[in-house]
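Input sequences plus hints: build the corresponding full structure.
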Amino acid sequence: QQPVQSPQAVILREGEDAVINCSSSKALYSVHWYRQKHGEAPVFLMILLKGGEQKGHDKISASFNEKKQQSSLYLTASQLSYSGTYFCGTRGAGSYQLTFGKGTKLSVIP
Amino acid sequence: EAGVAQSPRYKIIEKRQSVAFWCNPISGHATLYWYQQILGQGPKLLIQFQNNGVVDDSQLPKDRFSAERLKGVDSTLKIQPAKLEDSAVYLCASSPASGHNTEAFFGQGTRLTVV
Numbered sequence: 113q114q115p116v117q118s119p120q121a122v123i124l125r126e127g128e129d130a131v132i133n134c135s136s137s138k139a140l141y142s143v144h145w146y147r148q149k150h151g152e153a154p155v156f157l158m159i160l161l162k163g164g165e166q167k168g169h170d171k172i173s174a175s176f177n178e179k180k181q182q183s184s185l186y187l188t189a190s191q192l193s194y195s196g197t198y199f200c201g202t203r204g205a206g207s208y209q210l211t212f213g214k215g216t217k218l219s220v221i222p
Numbered sequence: 003e004a005g006v007a008q009s010p011r012y013k014i015i016e017k018r019q020s021v022a023f024w025c026n027p028i029s030g031h032a033t034l035y036w037y038q039q040i041l042g043q044g045p046k047l048l049i050q051f052q053n054n055g056v057v058d059d060s061q062l063p064k065d066r067f068s069a070e071r072l073k074g075v076d077s078t079l080k081i082q083p084a085k086l087e088d089s090a091v092y093l094c095a096s097s098p099a100s101g102h103n104t105e106a107f108f109g110q111g112t113r114l115t116v117v
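Sequence lines, in order, name chains A and B. If you count by the numbering used here, then the first sequence holds residues 113 to 222, one letter each, in order. If you count by the numbering used here, then the second sequence holds residues 3 to 117, one letter each, in order.
These are calculated hints, taken from the structure and not from any lab test. Please note that a few of the clues may not be correct.
To be verified - Residues of chain B placed beyond 12 Å of chain A at every Cβ, according to the derived structure:
#1 Ser20
#2 Leu47
#3 Ser68
#4 Lys73
#5 Pro83
#6 Asp88
#7 Leu114
Unchecked claim - Using 25 Å as the maximum straight-line C-alpha spacing, the simulated DMTMM-like pairs for lysine to aspartate or glutamate come out as follows:
#8 A:Lys179 <-> B:Glu105
#9 A:Lys217 <-> B:Asp88
#10 A:Lys149 <-> B:Asp88
#11 A:Lys149 <-> A:Glu178
#12 A:Lys167 <-> A:Glu128
Note that beta-carbon positions come from the ideal geometry of N, C-alpha and C, so glycine has one too.
Structure (structure tokens):
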């Protein structure tokens with residue numbers, strides 16, 4: 113089942129913050145976040161496995177809610193290099209299939 | 003460490019023709035995935051291999067798509083015959099294992115245009 117991402121697109125000025133949400137109607141086993149720049153391959157950002165988990169590096173972090181049905185990606189003090197399309201990929205219990213959402217296009221402008 | 007290699011990068015064919023894509027995963031990676039990414043959408047899994055065996059091909063249109071991974075290393079994805087709606091980027095990815103907490107490394111993809 114495909115996860116639902118919101119918003120579909122967002123425009124930020126450098127230094128502003130953004131939140132991208134990923135939700136499922138069923139409890140998930142894991143959530144994977146990727147960023148894809150135009151014409152390039154998706155690049156892995158992080159994986160969340162546990163309910164209530166939060167992790168991050170530099171100024172990009174993510175959380176997985178207690179019910180394991182929603183994850184949010186937080187981009188703090190955005191930089192021009194953060195521009196791209198962000199995808200969440202989800203795995204259900206007992207499934208190896210990684211299903212991606214439709215993506216959130218993030219544009220950071222000077 | 004070399005990344006996932008795919009070829010060709012671009013391909014234009016007429017509908018009803020055949021086409022094949024090649025993928026060389028990262029050395030030692032047991033799991034290989036083929037994804038189809040239509041413009042403006044997220045990648046859709048077509049088939050997943052664990053070594054040279056198929057783990058999941060539930061979304062592969064088997065009447066026209068086929069894939070193989072001989073010797074558990076390189077893989078080829080074939081479309082025969084192609085339809086206009088097959089126009090997309092075909093991404094190959096690999097990971098060390100197929101567990102829930104493994105990262106998938108993607109190649110740059112093959113952009114297919116069917117005219």
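Outcome of the hint check:
Non-interface status of B:Ser20 relative to chain A is upheld: no Cβ of that chain comes within 12 Å, the nearest being about 25 Å off. Against the 12 Å criterion, B:Leu47 falls within the reach of chain A, whose nearest CB is about 6 Å from its own CB. No Cβ of chain A approaches the Cβ of B:Ser68 within 12 Å, the least distance being about 19 Å, so the stated non-interface status holds. Every Cβ of chain A is farther than 12 Å from the Cβ of B:Lys73; the closest lies at roughly 21 Å, confirming the non-interface assignment.
With a closest Cβ-Cβ approach of about 27 Å to chain A, B:Pro83 is found to remain outside the 12 Å limit, as its non-interface label requires. Under the 12 Å C-beta cut-off, the non-interface status given to B:Asp88 relative to chain A holds; the minimum distance is some 19 Å. A cut-off of 12 Å between C-beta atoms confirms that B:Leu114 is not in contact with chain A; the least separation is 15 Å. Of the supplied pair hints, the one linking A:Lys179 and B:Glu105 holds, its CA atoms being roughly 23 Å apart against a limit of 25 Å.
Among the hinted pairs, A:Lys217 with B:Asp88 is consistent with the structure: their alpha-carbon atoms are about 23 Å apart, no more than 25 Å. Distance hint between A:Lys149 and B:Asp88 is fulfilled; the C-alpha atoms sit about 22 Å from each other, no more than 25 Å. The suggested pairing of A:Lys149 with A:Glu178 is violated, with an alpha-carbon distance near 31 Å, which exceeds 25 Å. Pair hint A:Lys167 plus A:Glu128 holds up; C-alpha atoms about 20 Å apart against a cutoff of 25 Å.
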